[in-house]
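Number of protein chains: 2
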Amino acid sequence: MNPPALTIVGPRINSSRKIIAQAIQEKNEALIQHEARIQHEAGAAYIDVNAGAFLEQEVEYLPWLVRTVQAAVDAPLWLDSADAEAVEAALEVHRGKAVINSITFEKQRMDAMVPLAVKHSCGIVGLTIDSIRVPTEAEKKCEIAAHMVEALTAAGIKKEDIFVDPVVMPVGVAPEAGKETLAAIPLIRAAIPGIHIVCGAGNVSFQLPNRALLEATYLAMAMAAGMDVAFLDPCNTSIMASIIAAEALLGKDEFCIRYISAYREGKLGKK
Amino acid sequence: MNPPALTIVGPRINSSRKIIAQAIQEKNEALIQHEARIQHEAGAAYIDVNAGAFLEQEVEYLPWLVRTVQAAVDAPLWLDSADAEAVEAALEVHRGKAVINSITFEKQRMDAMVPLAVKHSCGIVGLTIDSIRVPTEAEKKCEIAAHMVEALTAAGIKKEDIFVDPVVMPVGVAPEAGKETLAAIPLIRAAIPGIHIVCGAGNVSFQLPNRALLEATYLAMAMAAGMDVAFLDPCNTSIMASIIAAEALLGKDEFCIRYISAYREGKLGKK
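Protein chains in written order, with the working numbering: chain W, 194 to 464; chain D, 194 to 464.
Same shape as in the complex, but just chain W (with noise of 0.2 Å):
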């Protein structure tokens, strides 16, 4: 299948399951490798990792993490850890330009994470969260989001390094969420221009079933709306065809070869 034009980061090696943890734990290189390529196979651009569940070994876990799935696939990563000194360790062993996830537009976090990006030239996502709150209103995030990429390019990152995550929150928890995350998207395109949008849709339906539906659906919305880039499981089938349907109805996919190649190959389910 030709590469997707909507940028994919693959999700699936995070200490939050159990069977990642477990694999961690057990230094077991040729589960974690799996789940690596796995996620490059169906069409992810970066491979997340985490090692977030373990607080006092992370510094050694990550990046233990960073050279078993680099040994394995030829791809970048995104360092998922709130920890600088986790960051630091991976980033050394790191090939390539990596991508730090994520900072929030707090002093504390910005002082631990920034010098690292500027001294590795590798990426940053930064939240639209500040120390005073997590804003649901598309207009405040947009504002966050914009000081937050004047102070990442003042400290010498370049725009087209930053990631800015406009952050839904569940919908089952507060109804405005999602429709106030999707109306940032192209506040933030038009106010900011250089930079990528990422989303993650896996905290919007927490606590409701279906979620793949509801992630699927909410990141075509995402597409439309101008995200460019998804945090998003490409080996879940129902979420990559609608990613796929939604690439051909945005004019991504020119004469929907990729969308009719998918069909044929039986990844676009039935009907």
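If a hint is listed, it holds; no wrong ones were tucked in.
One copy or two, either will do: identical chains are not told apart, so a pair holds if it fits within one copy or between any two.
Lysine to aspartate or glutamate pairs mimicking DMTMM-like chemistry, simulated, CA-CA at most 20 Å apart: (1) 372 - 421; (2) 445 - 373; (3) 445 - 330; (4) 445 - 369; (5) 372 - 447; (6) 300 - 343.
Read the hints as simulated data drawn from the structure, not as lab findings. Owing to the predicted nature of the structure, the values given are computational and were not obtained by experimental measurement.
Dock chain D against the given chain W, drawing on the hints supplied.
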């Protein structure tokens, strides 16, 4: 199930379907009434009726469809015809507020249909097509819509009775078609407050496989963009699942009550 936040127009009673054409010719009331009932029960607020396959008999068949459908369901109809005589005959027997589906912004079409809409105080669908062309570009669609709504209101039609359809062409033929029509929706919303925006997604997937996937994905994106009325088959469970998910994600289903009920009733599919 609660009524959907999106207004649905059920398209199944269309003479381009063989089974419907045959039922019309045979005056098979039971079949037509069954098609009306299943759509109404599945959430259609309006039922579309079309006898356009019968050029000569449309003036007889369209009012027959109106009487037959309204004997079975208590719902207003969309009179899907280009023939003003057939529409007039149908309006004479229609109970409640019908909608004329549709006109283009062309003198001949306007002159024929607008007086009927005024006389019967009914709704009218306006396609963003003028005598020169069927534009792809969002801005041009919006421009035609604005001129058309101006002419319709000048003739005495209320804004709330106008349904603008920004016409989407097949993406398999015109790669930009979906993107531009989706972009037209917020432009039209902003330029012409108070009207309805209606989309159908049947066209967009023309000659592509797995049409329900494209239709469901497109309609979710159109809802996020601001469409409030959709021409869709409410009996198609994969399309309806997507609509119900989109409503939950867009804050139109507070605390996801309808989404959760639909799940419990087995209407969202598996997972």
